[in-house]
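Asker: Here are the chains, one letter per residue:
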Amino acid sequence: MNDQNYRVLSSETRLNEEYIEVAKEDFRTACVSVLKRHDAFLRLMFCTDERAYTGCFRIYAVFSDSRINRFIVINSAVKDNLAYPSITPDIPAAHWYEREIKDMFGLVPEGHPSPQRLVFHESFPEGSFPLRKDWSISEDDLKQWSEGMVVKEPYKFMRVEGEGIFEIPVGPVHAGIIEPGHFRFSAIGETIFYLDSRFFYTHKGIEKQFEKLSFGTGVYLSERVSGTSSFSHSSAYCMAFERMCGIELPDRAAAIRTLVTEMERLYNHIGDIGNMCAGSGLTLGYAKGALIKERLMQLNERVTGSRYLRGVNTLGGVESDILQKSDDIRSTLAHVVKDYRDFMDLILHSLSHIERMETTGYVAKDIAAALGITGLAARASGIDDDMRKCHPHLLYETLGFESNVLTKGDDYARMLARAADADRSILMINELLDMHFSKDLIAGSYSVPSMQYALGYSESPRGSLFYWVKSDHEGSVFRVKLRSPSYCNWSAMPFAVNGDIVPDFPLTNKSFNLSYSGCDM
Amino acid sequence: MEHLQFLIILFFAPLVQGLIKKFKAHMQGRRGPSIFQTYFDLLRLFKKEMVISETASWIFRAAPYIVFSSVLCAAMIVPVISVNSEGWIMSDVIALIYILALGRFFMALAGLDTGTAFGGEGSSREMTVAIMVEPMIMLSIFTASIAAGSTNLSRIAETHAIVYSPSHIMALSAFIVAIIAETGRIPVDNPDTHLELTMIHEGMLLEYSGRYLAFMEWAHYIKQMLLFTVAIDIFFPYGIAKIGTFEDVAISAAIYAGKILFLSALMAVIESSRAKLRFFQLSSLLGGAFVLSVLAFLLYIMMGR
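Protein chains in written order, with this note's numbering: chain A, 1 to 521; chain B, 522 to 826.
So that you can see chain A by itself, here it is in the shape it has in the complex (with noise of 0.2 Å):
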């Protein structure tokens, strides 16, 4: 600690998460040198508005790597003039964090390569800040708002210039039923030159709603957030409340938690892997995982009385004790083996559609780590990303879980990566039903705290989950800030598309399956 070339104002250790404050001067400085040092990565990082309190603004970054469990959060007030160094120079995973940050609080990040608005779009009026305390909107804005463009200067797309290069514009309304985002590709002939992207188009405000929900309502709403990965974002969110307030989760549901995460990864990679089958065309594989995922639906309508796992998670523990219809799970899940293993031997088969998989959506592992790309998508990349080792929570220490790692980077590593995740959690849940377990459900009484935070975080199927809370003086709630995996993986896509083929762009986009709604919260 003595070669450090930054001053420490104050530092804090809570569980797994390192407190450390900066002067504002100080911040990049402090986040390039943790970074550097542990060789880790940024996981995310927020805003909250303390000046009823403190009088300031304060930023964080979460900070963690593969083999330490622990993070490591750089914090720093600022108070005057609005602004602090960008840290996006050093760390490009920073960039979106930072601009969002920028349309929340109007803290300006200096230093950062493109500025523009990201959140929202030219309609949204200037000057208004919607995280902030203090924050409500004009009968005059609401206007403008709804009569759109407000903002004179329109977003600046990247633009390639030059003999033969056109741009085709795709979205934000698609042929599907999907959510919008609008990519506009810059190609020659069939050969995507570059890719630039907009999301947001459906911004739900959702953390500014957490603040006006107690903790326990917030649950139904963290539920929620993304359909298909609804369990991982509940269990992220009560797991970020029961360690602010020190909440020991009881075995039990500590095990139906696990059990009801890897049900949830189970049936996603199988939609995932027949999805990429309509990517290349190959239909029968499409019907056969389409087939595979509503089976597992209906099971989590029998046990959970939910298709999408809601309603399990609930404050320091789970609502229902799914533990009991072990029997259901494991005859439907012994079925559903069965075929998952013909269908997986359909496709590894298929030599046309691994042909169109191979080499195709390239993301090199220096770029997937400079970007800060999460899950599967790092782990098909060549990076040990996975929340369920790196940070054990749970039980997957009990599990002994191992994660899969492979090199290749492209499509099919990302399909098989998704395979061998699927295998595991099959592993996982029927060891998880040979176990015997105390009969809690929930923990006993607790108050919350005041002034007190603390992070959550699982694995969710398409990758890591954060959610940091904080109460406020009355216990309630005083700030929730929720990062998705699309949120970080969103940046890789254009660098997996650049070069590839136009019509090879879907299949790409299959293989990483990010979430719009994942992204625009």
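I should point out that these hints are in silico values taken from the structure, not numbers from a laboratory.
Hints may be right or wrong, so weigh each one.
Lysine-lysine pairs mimicking DSBU-like chemistry, simulated, CA-CA at most 35 Å apart [claimed, not checked]:
1. B:K542 x A:K338
2. A:K24 x A:K470
3. A:K338 x A:K36
4. B:K569 x B:K542
5. A:K143 x A:K212
6. A:K338 x B:K543
Put chain B on the given structure of chain A with help from the hints.
Answerer: Okay, now just chain B, sitting in the frame of chain A:
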């Protein structure tokens, strides 16, 4: 009477499409829509209002009629269930290929006309594919023409020109690949996709709606059945009626229906069993098929069968 044979193609073409869809659904373990669904879809489209881009020129409006009438003209010169080469001098294969090319040309123009990216993409891809497919069709038909000593389709069907020869198998294989490419099926194009970026045929039609779309779709079905019929005429014309008695024609019609069923099932099997090719790899499939058609042609000239 035999000049009205094209009505069979005109009215049964949507049924063939429905059949292929049904076969495909069964292969994927689905129940699938009724085989008559294509008729309902066409009817619905004919009734619907059209939305036409402001930037569309007369080409966009004329193309559906030109495309539809070109395939209809082509259907008129193809013997379906009865042949009579003396009375039917119009049924010329070269004319057939160029009438179809006219339709293709206008469809590609219409794709470009509205100036949307997907239309342009579709048109450019369609022409790329066409460059490889057209000579293939020509060469495989010419092999039969040389054998029959005529480019008259009726004559070729009558003489069973290249049946039972090595050239037969090679030319047939090339022709099947050509049908797949021409009808926009996997592995060349995917008719069922909603993924705009991968489309070829559908890409050109994206801007169409209502009646125009109905004509375009119907024309596509007709073209498909027409190519099936040409394949039958050239490569397995067994049982096609020569004299116009009612009994002969009825038997011929039944045999024809059986052959169409077989071809539809074959298309469904090919389409269900593999993924679409990467666009730039199409040249290896189509190029391979072209080589086959050349070989068929050379083999026939050298071996005389």
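Asker: Would you check the hint for K542 of chain B and K338 of chain A, treating anything up to 35 Å between C-alpha atoms as holding?
Answerer: holds, 28 Å
Asker: Taken at face value, is the distance from the CA of K212 of chain A to the CA of K143 of chain A at most 35 Å?
Answerer: Measuring from Cα to Cα gives roughly 24 Å; hence the hint holds.
Asker: Would the pair K569 of chain B and K542 of chain B pass a check requiring their Cα atoms to be no farther apart than 35 Å?
Answerer: holds, 23 Å
Asker: Mind checking the alpha carbons of K338 of chain A and K36 of chain A for me, to see if they're no more than 35 Å apart?
Answerer: Distance ~46 Å between K338 of chain A and K36 of chain A Cα, so the pair is violated.
Asker: Is K338 of chain A within 35 Å of K543 of chain B, Cα to Cα?
Answerer: Within the cut-off at roughly 27 Å; holds.
Asker: Is the Cα-Cα distance between K24 of chain A and K470 of chain A 35 Å or less?
Answerer: Given pair K24 of chain A, K470 of chain A holds - Cα atoms ~21 Å apart, limit 35 Å.
Comparing the model with each numbered hint stated earlier shows that hint 3 is the single one that does not hold.
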